[in-house]
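Asker: Residue numbers for the sequence shown, in the working numbering: -14 to 404.
The hints are simulated quantities; they were obtained by calculation from the structure and are not laboratory data.
Check before you lean on any hint, since a few could be wrong.
Each pair of labels, with its calculated beta carbon distance range [what the hints assert, rightly or not]:
no., residue 1, residue 2, range
1, D392, Q119, 36 to 44 Å
2, T59, T199, 31 to 39 Å
3, P54, D74, 15 to 23 Å
4, E286, G258, 18 to 26 Å
5, D392, E286, 41 to 49 Å
6, S244, N357, 32 to 40 Å
7, D1, G391, 33 to 41 Å
8, S201, E286, 24 to 32 Å
9, L325, T144, 30 to 38 Å
10, R62, P12, 19 to 27 Å
11, A241, S201, 29 to 37 Å
12, M210, V403, 43 to 51 Å
13, N298, T196, 32 to 40 Å
14, D194, D74, 26 to 34 Å
A virtual CB, placed ideally from N, CA and C, is assigned to each residue, including glycine.
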Amino acid sequence: MGGGPFSTGGRIDFEDYEPTVTAITYPERAASPALALAISPSGEAAVVFFTTEKGHVGQARWLGASWEPGLDGTDDRVRTVTNAWLSEDGYRSWVSYEFARGSSPYPLGSEIFSGGLPFGVTTSIEEFQLPYRQVSFEKPPLEVVLDRSGDTGAAFLDTSRFQYMVRDWSVPGSDSSYVLPHVMAALEDCPSALISLRDQVLWEDARYDGTGITLSHIPVDGAFMSRLPRHTFVPFGLSYSASSSVWGAWRVVPPASDSSEAFIRFGLLRTGGDHLIWEFPTIRSPRFIEGGGLTVSRDGEVAATTWGYRLANASAVRLAWIKNWVSNEGITVPLETPSLCRVSAPALSASGHRLIASAHCSDGRAYLLAPNWQLSLSDWAADLPKIALSDSGNQGFVAWTEWVPGDSRYRIETRVLVW
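Start from the sequences, fold in the hints, and give me the full structure.
Answerer: Structure, rendered in structure tokens:
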């Protein structure tokens, strides 16, 4: 165990005893450090996708007792996997991946697996594969996120335009002449994006009403509301509850010439514009570290956010949350390393009673974090560990890759968590 977290915001509102941890090294090695992990709501099934030595999508499938290999994907042009999805019954899975440089006119592809068998692969942007149907993109997608059903999604295209999909319907979103800092999320019939326009944050909300998709552009925060005319507003988290309440999180960053410090705001977003926003001024930081995010529990009672920042001689992770409409400034988790560290978005159980996150530092250290405990995972991690929790919060998975001296490939490490 590493150094313990400490709180500056009152009591910790989570059931948070340490899990039983089972370490499993997957026998096959990966050609790229990035993994993609997805879990079924029950926790009985999970899948880890990786890049094989031959440039295919490889997969390790959890079927209740161990990781079992599925067949490799059919595309041999894979550079790295980016995102994963798994059906509720654990039978159908989907992965998006970046193509190897020069091997495709498109940046992103996808492949479907049914029972571990290759089932469908992207051939063009007009026939891009989602889990249950094809979608026609206006331009090549750079990023795609899906809801739990696999029938609703949001995409960021290489023209800096957004596109939203619900079943057989699709609608274009905002576009720009430059890449917009953004986060995307999707709930059944409700995809959306939180977008930085530099001096403000815009929520682009798409909703399917049975006859088509209605798109709304809703200001959330910015110089026009905050009396901070020179600050930049940068979103880093967006999440839905099961009842379609939407929460967002963003950094408010002063210009380089300003001696004031950046800080965090997050809150409940409402289509009418009367958002409920909380600010955390007592935990300002002059330097934020890459990563972090926001997650809302399925019941909508808990919204938790993570971000990284610097202490005097070490990196740290901050966990803060709002529970039953009461904000808690949360805890600081020092990582006991002077290296820069990246933190994941939190994973929450459906009722919000359990929370975990991960961190990866430039010196190779990796950690699993929770409000009351901290587990050192590795000194050789090559990427940010992927995390997932079941709805009950009784089972979780962690997966990451490690550098192997003298080997150009990466070892795949997993941890099975049981409470």
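Asker: Can you name, in rising order, the numbers of the hints this structure does not satisfy?
Answerer: 13
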